[in-house]
Amino acid sequence: MATVLKLPVDSLRSWGRDRKSHGMIGLMSYSHLALEGCHHFLPVIVPLLVLNLGVDYARIGALTFVALSVTAGAQPCFGWLADRWQPELIVPLSVVWVGLCMALSGVMPTFAWLSIVVVAASLGSAAFHPAAAAVALSVAVRNPGTMFSVFSLGGTLGVAVSPLLINYLLPAWGLPATLLYLPVALVSAAMVFLGLKVLVPEAVRARRSSKRNSSGTVEPIPRTVVVLLGLLVLSTMTRSWVLGAVSTYVPAWVLDKFGNSTLGGELLALSALMGAVGNFVGGYTADRFSGWKVLAVALAGVALASWAVVRVPVWALFPCVGAFGFALGATLPVPVLLARRLIPTRTGLAASLIMGLGWVPSGIGAGLAGWTADRFGLQAALEPLALYPLAGVGIIVLFAWLARVWDAPVLRTEG
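Okay, so the sequence shown: first residue is 1075 according to the numbering used here, each after it adds one.
Read the hints as simulated data drawn from the structure, not as lab findings. One or more of the hints may lead you astray.
[Unchecked claim] Restraint-style ranges between C-beta atoms, simulated for each label pair: (1) Pro-1296 with Leu-1254: 46 to 52 angstroms; (2) Ala-1454 with Leu-1167: 39 to 45 angstroms; (3) Lys-1271 with Pro-1296: 38 to 44 angstroms; (4) Ala-1390 with Trp-1154: 43 to 49 angstroms; (5) Gly-1333 with Val-1471: 38 to 44 angstroms; (6) Val-1386 with Leu-1254: 43 to 49 angstroms; (7) Leu-1127 with Trp-1480: 20 to 26 angstroms; (8) Ile-1190 with Ala-1246: 45 to 51 angstroms; (9) Thr-1336 with Val-1181: 43 to 49 angstroms.
Idealized CB from N, CA, C, for every residue including glycine.
The task is simple: from the sequences and hints, build the whole structure.
Put into structure tokens, the structure is as follows:
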């Protein structure tokens, strides 16, 4: 108990030892905030798109599936590019591209044009994440879970700000309010570009030099490690499935069940804000305790909260959605840290597997929920979601058992 209650004094001291490295982490976190802030307002405008473009929820779900699949599937390719080109240029360019595409999403005349700009924005997101993670992880030497949580924190806050902002712009501007995201993206990208011009040379050049020196001595990944990595990806898939369905359809579900057009955006913002807290807590605890236990508890929390959200009265939605967001956020950095421990010489591969393949079911979950909603209603589409993270708990317990049998170093704590 004394260990649990011990204040993170050592972490706070180490945080101040390398201001330049932490400045890099902070800048990458801000770039993450800017990108996600311009990218994640689509669920809030879904009800208006359904009316204006004459589409049903199944088509919106199919678009979400394609967009998320493109984001996840293209990440390994962009990761390959980031390792061979300049990731510090890919990052601001990606922010501008996503901002431009999503700014146009509200003024597209047909569903076909909407699909083009949304999928194009997904390519920008796919380009951003491996490049930004490569820069962030290159300086995450001590307490990597905490450091990666800071990077992820920006994205989580961006997901929170995006629907909240559009939620209050729509009454005054209507769907053309999405155009306001373009100047935000341009200014943010310029700030990131100028900041990286100052911070990049020492940290990133050292990272590239280290990769060149060791490129000829990389050993094959053992089969046992491949199996463990596969289980980690599967556990990530269970939380992604739930996230895709919830983030896409909660605003429409709230409007349908409670008749409130603004509550859905507020709930998404609350979930993302609490996810930011859970994100940091998950990374910090994974640096100090068995990461698989942190992940198992967090997935169980996601299952319980997602079960409660669709069954409680309106007054209980905020605490339940807050708990859902916190638990979901805690699951975000831990799989990356566990994968990094499994293959410490291939941090880029570890991150791309979790952030790429692990996110594919997000689109599947949204697509299946849309198909179910059109036939049986939104309530029926959201009720079974708790089963997926519950399966994730079983997968991560199997992961821990196999890691113990095979004496994998992944069960040891860091920091």
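Here's how the hints hold up against the structure:
1. Remark: the range hint 46 to 52 angstroms for Pro-1296 to Leu-1254 is upheld by a beta-carbon distance near 51 angstroms.
2. For the hinted restraint 39 to 45 angstroms between Ala-1454 and Leu-1167, the CB-CB distance of approximately 42 angstroms keeps it satisfied.
3. A hinted range of 38 to 44 angstroms holds for the C-beta pair Lys-1271 and Pro-1296, which are about 41 angstroms apart.
4. Between Ala-1390 and Trp-1154, the C-beta spacing of about 47 angstroms keeps the proposed range 43 to 49 angstroms intact.
5. Between Gly-1333 and Val-1471 the Cβ separation comes to about 42 angstroms, which falls inside the hinted range of 38 to 44 angstroms.
6. The hinted range of 43 to 49 angstroms is not satisfied by Val-1386 and Leu-1254, whose Cβ atoms lie roughly 34 angstroms apart.
7. At roughly 52 angstroms, the beta-carbon separation of Leu-1127 and Trp-1480 lies outside the given 20 to 26 angstroms, and the hint is violated.
8. Checked against the hint of 45 to 51 angstroms, the pair Ile-1190 and Ala-1246 fails, with Cβ atoms roughly 27 angstroms apart.
9. Judged by the Cβ atoms, the range 43 to 49 angstroms given for Thr-1336 and Val-1181 is violated: they are separated by roughly 22 angstroms.
Hints 6, 7, 8, 9 from the earlier list are contradicted by this structure; the remaining hints agree with it.
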